[in-house]
Every structure is written in structure tokens, then in C-alpha cells.
Amino acid sequence: MGLFSSKPKIKVQTTKKDGFSGWLKCTHCTELIHVNELKDNLHCCPKCNYHYRLTAAQRVELLADPGTFKELFQEYKPTDPLGFVDSEKYTDRLDRAKKKTNRDEAVMAGLCSIEKRTIALGVLDFSFMGGSMGSVVGERLTLLIEMAIREHLPLLIVSASGGARMQESILSLMQMAKTSAAIAKYQETCLPYISLLTNPTTGGVTASFATLGDIIIAEPDALIGFAGPRVVEQTTREKLPPGAQKSEFLLEKGMIDCIVNRHQLKDKLSLFLDFLTGNARGGKKAQEALPKKLQEILDSVEQTEEEEPASAKK
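Taking the working numbering, the leading residue of the sequence shown gets 14, the next gets one more, and so forth.
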């Protein structure tokens, strides 16, 4: 029996040469994907089209014309005015998030071009403390909105957040009112505000600026709601309908305008901006065709998102 109780002396090591390094299993369809293939496919599973989360920097790279993004308001840094401590100090959480993401906050705000059109762009980063909105996130977004008003620029905000930052208590909750008031002021100018909801968009972000867009776009299968499904079920003691709080469910109920695949996102945003600003390139004929093009997108986008990648159909 000693043969079976003895530990093997042979060590098995996996290296790049083995062919397994760099592979991961899709969290949605469980198929094996190589990280390079995932990156080349804009961090969407090539088998099932599951949209993985992007960092704020990756999102800017996806949407903005190369080299055009200029980040603003970085002089505003998060602090700990309440001296908040739960299982650890808030300052320790901030330090860890900064080291993890190489960012100083959960938002990137600035100016950029999309298809040569200058816009104001704000992007939340879920990898920084769950994309939570604290006083600095709210302040940077408010300053961005105010700049868009002064400069007469279209506004795009990309949300990926767990909600208000509990470590800042009422200071974070106040950002809901502040950002909503800034959006209301912005909309008085009749400038277009496009809100892009990604997975997840919940809590105080959903209950404020994220759902106030003139056009509200979502990525496929994004979790969108105020409280998460587990919290709702624990509170109401009732099971939610299948797919509730997913972007497809919200589209069916009329809570969002359309679902756009990440590969089509920049082109669709450009078309929406053309339509909302009345600034179509191509002259009068292009302007006249815009309403028809926009309606075609809204009519067909749900069908487009339901189509599987060719590799998944095999």
C-alpha cells in the first residue's frame, strides 16, 4: 500500500510551450478562449458573444479616435473626510484600488473625437472600487457636463458601477442630485446626451445621470437596475422573472432605446450624434436620410444582437 500513499516525485509544470498558457474558460459558455483572441475581439467571447468588462482606458481606446482623448479634472483627488472604517480603512481601500488599476479614481472625464466630431466623454471604471460614485466622481462628471454646456458639445457618459460609494455616506448620495441637476441644466441647451449602460449599472448611478440620456444604449446582457437581483429577492422574498434586470428585458419593457454590440458601437454612436446634432456629413441628402437610418437601427438592432457568431453556430 506504500505505493499509493507515497507522494509523486515528478513535478508537472505548464509553460507557454505546452500550449495552455494564455487560455481561459468563458464565464458564459465555458468554451476555451485564448486571451489574444479575446483581446482582438474587443473582449467579447468569439463563441457566444459574451461582453466582458472593459476598464475605462480600454473603453476610451475603443470609442475615441486615436490620440484625441484629453483627460481633465485630475487635480480633484479622493479623500476620507469621514475617517470611515469598516473591515478596513477607506484610505487603505483607495490605496489598493490605485495600485490595482493605476488610476486615482473610478472615472475618466475629458474631451475626445468620435469620427472627427468633438464630444465630452465620461467613463466609469468598475475595476476601481466597483465603479462607485463618490464625491470626486460626481465632481468630475459635473465639471465635464458644465464644460460641455460652455463649449456646446455633445455628451457621452459610459456607466459601469455598483452605485454610490458607501464609504462616503451622504457625500456620495449628494452626487446623485448634483449630477442630475447638471444634466437637467445641460438638456436646457438642447444639446444631445447619450448614455451607454454596461455591465453592471446599478444603484445610485442608475437612479441619477445614467438613465437621463436623450438616447439610452446598453450592451448585450448587461445587468441594469437599482438593487441587484439577489437583494431584490431577499427583500421581497419572491423570485424575479428570468432575465429580469438584463438589458434585453429592459429593452422589451421600454426602459432603454436599443442594445448595440460592442463591435458596432462607435459607428452607431456616430450616427446618433449625426441625427441629434443635425450635422450629417454628406450634405442635404445625408441629413434627409438620417431619420430613416436611425429608425432602421432601432428596428433592427435587437435582431442583430440575437445573431450568434459564426463559430457558435457550427
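To be clear, the hints were calculated from the coordinates, so they are not data collected in a lab. Any given hint could be a false lead.
For each label pair, taking beta carbons as the anchor points, the in silico distance ranges come out as [said to hold, decoys possible]: (1) Gly96 x Cys39: 36 to 44 Å; (2) Glu44 x Gln87: 38 to 46 Å; (3) Gly96 x Thr43: 41 to 49 Å; (4) Pro255 x Lys102: 15 to 23 Å; (5) Glu164 x Phe97: 15 to 23 Å; (6) Trp36 x Ala190: 44 to 52 Å; (7) Leu45 x Ala190: 40 to 48 Å; (8) Gly80 x Thr249: 21 to 29 Å; (9) Arg250 x Arg163: 46 to 54 Å; (10) Ala190 x Gly267: 21 to 29 Å; (11) Glu265 x Leu85: 18 to 26 Å; (12) Gly80 x Glu251: 46 to 54 Å.
A virtual CB, placed ideally from N, CA and C, is assigned to each residue, including glycine.
These are the hints, each one checked on the structure:
At roughly 43 Å, the beta-carbon separation of Gly96 and Cys39 lies within the given 36 to 44 Å, and the hint holds. Our hint of 38 to 46 Å for Glu44 and Gln87 holds, since their Cβ atoms are close to 40 Å apart. Take Gly96 and Thr43: their Cβ atoms lie about 45 Å apart, and the range 41 to 49 Å holds. Taking the beta carbon of each, Pro255 and Lys102 are about 41 Å apart, not inside 15 to 23 Å as hinted.
Separation of Glu164 from Phe97 is about 36 Å and departs from the stated range, judged on CB atoms against 15 to 23 Å. Between Trp36 and Ala190 the Cβ separation comes to about 47 Å, which falls inside the hinted range of 44 to 52 Å. Between Leu45 and Ala190 the CB atoms are about 47 Å apart, so this pair conforms to the stated range of 40 to 48 Å. Between Gly80 and Thr249 the C-beta distance comes to about 49 Å, which lies outside the given range of 21 to 29 Å.
Take Arg250 and Arg163: their Cβ atoms lie about 50 Å apart, and the range 46 to 54 Å holds. The hinted window of 21 to 29 Å between Ala190 and Gly267 holds, with their beta carbons roughly 26 Å apart. Look at Glu265 against Leu85: about 38 Å separates their beta carbons, and that is not inside 18 to 26 Å. Between Gly80 and Glu251 the beta carbons are some 51 Å apart, a value that agrees with the proposed interval 46 to 54 Å.
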